[in-house]
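J.: Reading the sequence shown from the start, the letters are residues 123 to 189 in our numbering.
Since the hints were made in silico from the structure, they are not lab data.
Take the hints with a grain of salt, since some may be wrong.
Stated by the list, open to error - Simulated restraints, written as ranges between beta carbons of each label pair:
no. : residue 1 : residue 2 : range
1   : L142      : T182      : 31 to 39 Å
2   : Y131      : P156      : 38 to 46 Å
3   : Q178      : Y131      : 50 to 58 Å
4   : D167      : D137      : 40 to 48 Å
5   : Q178      : R138      : 42 to 50 Å
The beta-carbon is built from N, C-alpha and C at its ideal position, and this holds for glycine as well.
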Amino acid sequence: MNSLDKKKYCLLEKDRELLLVNLKIDLIISYFLPTNKALLRTLRDFGFNFLLAYVQSVCTQYEIDIP
């Protein structure tokens with residue numbers, strides 16, 4: 123494999139890696155977007171205190187100190 127072929131191969135690998143990263147990001151967004159929409163709707167309906175109570179319960183569950 124000559125130098126030019128190696129460069130082409132490296133570029134193709136980088137393109138493939140970027141494509142995989144973009145696909146993973148798309149999958150993550152499509153998975154979490156409905157959850158975030160539901161959370162924002164709940165926040166709008168029930169107010170900030172509901173969100174704060176939820177965050178505190180998760181922190182307590184996982185023994186995370188709240189400053």
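J.: All the hints need checking, so say for each whether the structure fits it.
T.: We went through each hint and held it up to the structure:
1. L142 / T182: 31 to 39 Å: At roughly 37 Å between Cβ atoms, T182 and L142 fall inside 31 to 39 Å, so the hint holds.
2. Y131 / P156: 38 to 46 Å: The hinted range 38 to 46 Å holds for Y131 and P156, with Cβ atoms some 40 Å apart.
3. Q178 / Y131: 50 to 58 Å: holds, 52 Å
4. D167 / D137: 40 to 48 Å: Holds - the Cβ-Cβ distance for D167 and D137, about 45 Å, lies within 40 to 48 Å.
5. Q178 / R138: 42 to 50 Å: holds, 44 Å
Taken one by one, the earlier hints all hold for this structure without exception.
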